[in-house]
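Sequence order for the protein chains is A, B and C. Here the first sequence is numbered in the working numbering, starting from 185 and rising by one per residue. Here the second sequence is numbered in the working numbering, starting from 185 and rising by one per residue. Here the third sequence is numbered in the working numbering, starting from 185 and rising by one per residue.
Simulated from the structure, these hints should not be mistaken for laboratory data. There may be inaccurate statements among the hints.
Here are the simulated SDA-like cross-link-like pairs (lysine to any residue), alpha carbons at most 20 Å apart as the crow flies [claimed, not checked]: (1) K213(B) to K213(C); (2) K212(C) to L330(A); (3) K213(A) to L262(A); (4) K299(B) to A376(B); (5) K214(A) to P384(B); (6) K213(B) to A326(C); (7) K214(C) to D380(A); (8) K213(C) to F350(B); (9) K213(B) to A326(A); (10) K214(C) to L381(A); (11) K214(B) to P384(C); (12) K299(C) to I239(A); (13) K299(C) to G240(A); (14) K213(C) to L262(A); (15) K213(A) to E327(B); (16) K299(C) to Q248(B); (17) K214(A) to D322(B); (18) K299(B) to A241(A); (19) K214(C) to G240(A); (20) K213(A) to D322(B); (21) K212(C) to E327(A); (22) K213(C) to G240(A); (23) K214(A) to A376(B); (24) K214(B) to I328(B).
These numbers were taken from a predicted model, which means no experiment stands behind them.
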Amino acid sequence: MQFAGLIHFLDLAGTFVFALSGALIAAKKKMDILGMFVLAIVTAIGGGTLRSVLIGATPVPFLQDVSYLICCALATALVFGFSHQLGKFSKAILVFDAIGLGIFVSIGISIAFSKGLSNWASLLMGIITGSFGGVIRDVLTAEIPLIFQKEIYATACLIGGLLFLFLHSLELPSELVILLSAFLVCAVRLLALHFDLSLPKAFNPEN
Amino acid sequence: MQFAGLIHFLDLAGTFVFALSGALIAAKKKMDILGMFVLAIVTAIGGGTLRSVLIGATPVPFLQDVSYLICCALATALVFGFSHQLGKFSKAILVFDAIGLGIFVSIGISIAFSKGLSNWASLLMGIITGSFGGVIRDVLTAEIPLIFQKEIYATACLIGGLLFLFLHSLELPSELVILLSAFLVCAVRLLALHFDLSLPKAFNPEN
Amino acid sequence: MQFAGLIHFLDLAGTFVFALSGALIAAKKKMDILGMFVLAIVTAIGGGTLRSVLIGATPVPFLQDVSYLICCALATALVFGFSHQLGKFSKAILVFDAIGLGIFVSIGISIAFSKGLSNWASLLMGIITGSFGGVIRDVLTAEIPLIFQKEIYATACLIGGLLFLFLHSLELPSELVILLSAFLVCAVRLLALHFDLSLPKAFNPEN
Chain A
185 MQFAGLIHFL DLAGTFVFAL SGALIAAKKK MDILGMFVLA IVTAIGGGTL RSVLIGATPV
245 PFLQDVSYLI CCALATALVF GFSHQLGKFS KAILVFDAIG LGIFVSIGIS IAFSKGLSNW
305 ASLLMGIITG SFGGVIRDVL TAEIPLIFQK EIYATACLIG GLLFLFLHSL ELPSELVILL
365 SAFLVCAVRL LALHFDLSLP KAFNPEN
Chain B
185 MQFAGLIHFL DLAGTFVFAL SGALIAAKKK MDILGMFVLA IVTAIGGGTL RSVLIGATPV
245 PFLQDVSYLI CCALATALVF GFSHQLGKFS KAILVFDAIG LGIFVSIGIS IAFSKGLSNW
305 ASLLMGIITG SFGGVIRDVL TAEIPLIFQK EIYATACLIG GLLFLFLHSL ELPSELVILL
365 SAFLVCAVRL LALHFDLSLP KAFNPEN
Chain C
185 MQFAGLIHFL DLAGTFVFAL SGALIAAKKK MDILGMFVLA IVTAIGGGTL RSVLIGATPV
245 PFLQDVSYLI CCALATALVF GFSHQLGKFS KAILVFDAIG LGIFVSIGIS IAFSKGLSNW
305 ASLLMGIITG SFGGVIRDVL TAEIPLIFQK EIYATACLIG GLLFLFLHSL ELPSELVILL
365 SAFLVCAVRL LALHFDLSLP KAFNPEN
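Using the sequences and the accompanying hints, generate a full structural model.
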C-alpha cells in the first residue's frame, strides 16, 4: 500500500515537471493555450504511454486515472500565468526535467519487471519511459530530438537503469532501488549539463 | 442495425474527406501518386487507429474492413485526376475537413464509451480521433501540426465533445447525440475559420 | 523448425542492414554514439513494431528476443569504427537497404497471415513492416520521409507483396514464397535506383 502510494506520488511528480517543460516549449513556439496543454500532455505521458502500448498494457494508464491530466492542466496554467517571468525559471526547469527523467526511468523499469519482462527489456522500457515523451515533444515541434543531438541524456537513463538492475539483483527493497536509481539518473544528467559533458561522435569527413 | 449503419456511413464519409485533405497536401508537396495514397491513408485513419491502439482495441479497425482503404483510394484518384483544378476546391476542402472533424470526434467518443471508458477519457479519445490524423499528416510532411499553431481546432473538438457528454447524460437517443455534437464541432470550426478566431497565447518576451 | 529458422535468420539479417542505414544517417547528422544506436534500433525495429502494435501482437517482438538489439549494436559499432571510410560504402548500403526491404515485406505479410488477417490487410502490414522503420527514422531526423518523395520505394513493396499473395494462393511452400517475393521487392527497388525510375506526380500549377 505504502509502496504503491510512493510510486503514484513519484509518477505524478514526474508528470508535472515534464508537463512544465512541454508547456514552456509550446509558449516559446507561440502556440495558443490549448496547444500548450496538448504539448504538455504529450510530453508528460508520451513515454509511459509508448511503454504501455509496446508491452500491451492497455487501456494506457492516463486513460484510467484523471490525476495525470490534472497535473498537466496545472502545469499549463502555471506556465500561462507566469509566462512573462519564464526566463527566470529556465534553470529550475532543467533541474525539474532531470528529476522527471530519473523518476520515469525507475518507474518504467519497475513496471516492466512487474509485467514479467526480462532484465534488458525492462531496462529498455525504462529508457523509453524516461526519454520518449521528450522525443515526441520535439518531433511535434519539428525539431531534431534533443536525445539525438548533444549532452548526456539517454546515457543518464542507461547508467541509472543499470544501477536499478544491479540493486534489484541484490534483492534490496523496491522503494530503495527506485529512489537510488532515480537519484543517479538525475545526478548524471545534472552533472553532464553543468560540466557540458558529451559522448564521442563518429568521425565525419564532411565536417 | 440502423444505428450501426449510420455510424459506419458517417465513419466512411469522414474517412473520405480526411483522405482528400491528405492527398491534396501530398500533391502540393510534389509527392508521387503512391505517396499521395499513403498520406491520404495516414491522415484518414491515423486518429482512429491511435485511439484503438491506446484503448487496446486491436487489430485496429482499418485492418478489418477494406471500405476505409477504398475510400482513401477514391479520394487519391480524385485529387490526382483533378489536380490541375485543385485551387478552385480549396475552400470546399476546408468545409469537408470540418465535417470530417465533427464526425470523427463524435464517433470517437461513442466508441470509447462502448469500451467502458469514463466520461473524460472518452472525451479525450474523441479529440484524439478527430485531430491526430492531421497531426500525423503534418509530422510526416515536416510541418508543425496545425493543431498547435493557430485557429480554433482542438477547441472545436472540445466544445462539441462537451455537448456530446451533456446530451448523453440526458439519455437522448445515440443517433441524435452523435449528429448534434458532430454538427457543433463542424460549426465552431467553420465559424472560427470565417471570423479568424483564435485562443489567447502566453505572453512571450521574445516577440 | 527449419522454416522458423529461415524466418529468424532473414529477420536478423534485415534488422542488421536497416540498423546500418540508421546508424549511418545518425553519423551524418553528427549524433553521438548512443544517438546512433537509438536511431539504428528505431530504423531496424520500427516497421515490425508498428505492425505488431496495429495487429495487437504484444509484447512486441524486440522485447522478447535480445538478438534484435545485438544486431543493432553490431551495426552501430561497425558504422562508428569505419566512419572515416563510410563514403566508400554508400552504394553497398543502398543494396543492403533494398535487401532489408525485401526481407521485411515478405516476413511482414507472412506474420500477418499467421495472425489470421485477410489478404489485403496482410499486404498492407508487409508494406508497413518494410517501409515504416525508414519513415520513423526520417521523422526523427526532421526530414520528409523518402517514401513520400521520390524513387520507387513503397511501389517495390507493393509489387513484391502482390507476388507473395499470388504465390501463396498457389499453395507453394512458404520458404519459396518468402524468398521469391523478397527477391522481387529487392530487384524492383535496385532497378528503380539504377534507372532512376519514379511514379507520376499530380500536376502542380505552382511548379
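Exercise for review: May I ask which of the numbered hints given earlier this structure violates, with the numbers listed in increasing order?
Suggested key: 1, 4, 8, 14, 19 and 22
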